[in-house]
Amino acid sequence: MGFLSKLFGKQEKKDLKTLVQQGAVILDVRTPQEFKSGHIPGAINIPVQQLQQQLHRLKKDKIIITCCASGSRSAMARSILKQAGFAEVYNGGSWMRLHNQIR
Numbered sequence: 001m002g003f004l005s006k007l008f009g010k011q012e013k014k015d016l017k018t019l020v021q022q023g024a025v026i027l028d029v030r031t032p033q034e035f036k037s038g039h040i041p042g043a044i045n046i047p048v049q050q051l052q053q054q055l056h057r058l059k060k061d062k063i064i065i066t067c068c069a070s071g072s073r074s075a076m077a078r079s080i081l082k083q084a085g086f087a088e089v090y091n092g093g094s095w096m097r098l099h100n101q102i103r
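Its first residue numbered 1, the sequence shown is counted upward by one per residue in UniProt numbering.
You may find that some hints are simply not true.
Taking lysine-lysine and the DSSO-like style, the derived pairs with C-alpha atoms no more than 27 Å apart in a straight line are [to be verified]: (1) K17 - K82; (2) K17 - K60; (3) K36 - K62; (4) K60 - K82; (5) K14 - K59; (6) K59 - K17; (7) K59 - K36; (8) K60 - K14; (9) K82 - K62; (10) K82 - K59; (11) K36 - K17; (12) K62 - K14; (13) K82 - K14; (14) K62 - K17.
These aren't lab readings, by the way, just hints derived from the structure by calculation.
All chains, full assembly: derive it from the sequences and hints.
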């Protein structure tokens, strides 16, 4: 297992569009300024630097798909959520790519 896999955990491939249709929460972990410049409608914005303090805004029984600008911060956010006991969390990568994937 590579360094990044150990750090961020192995993620099985899921059909993110289906998960969103089933009610998955999209968590955009970019800064508020980045979020204002464009985002997926309905996404929740919690910057990755504030995620630990804002966990109460999320429900552990909901499927969560993280996204950011490139996929790095969303991978960190996935790791934070998994360590906090969130059962089903997926790294959606770039918000633009995720947006195109779930349309």
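Are K59 and K17 close enough, with their CA atoms no more than 27 Å apart? Answer holds: K59 to K17 is near 20 Å, not above 27 Å.
Straight-line alpha-carbon gap K62 to K17, limit 27 Å: The hint holds at about 15 Å.
Hey, K60 versus K14, does the alpha-carbon distance stay inside 27 Å? 19 Å, holds
Just to be careful, I want the Cα atoms of K82 and K59 compared with a cutoff of 27 Å; is the pair within it? Answer holds: K82 to K59 is near 12 Å, not above 27 Å.
With the threshold set at 27 Å, check whether the alpha-carbon distance from K82 to K62 stays at or below it. It holds: about 12 Å lies between the C-alpha atoms, which stays within 27 Å.
Keeping to a limit of 27 Å between CA atoms, is the pair of K60 and K82 held or broken? 10 Å, holds
Pairwise hint evaluation, K14 against K62, where the allowed Cα distance is 27 Å at most: 15 Å, holds
Given pair status - K36, K59, alpha carbons within 27 Å: The hint holds at about 24 Å.
K17 paired with K60 [C-alpha distance capped at 27 Å]: 20 Å, holds
Holds or violated: K82 with K14, Cα cutoff 27 Å? Roughly 17 Å between the alpha carbons, so the hint for K82 and K14 holds.
Holds or violated: are the alpha carbons of K17 and K82 at most 27 Å from each other? Measuring from Cα to Cα gives roughly 21 Å; hence the hint holds.
For the pair we were handed, K14 and K59, check the Cα-Cα distance against 27 Å. Measuring from Cα to Cα gives roughly 20 Å; hence the hint holds.
In this structure, none of the earlier numbered hints is contradicted; all agree with it.
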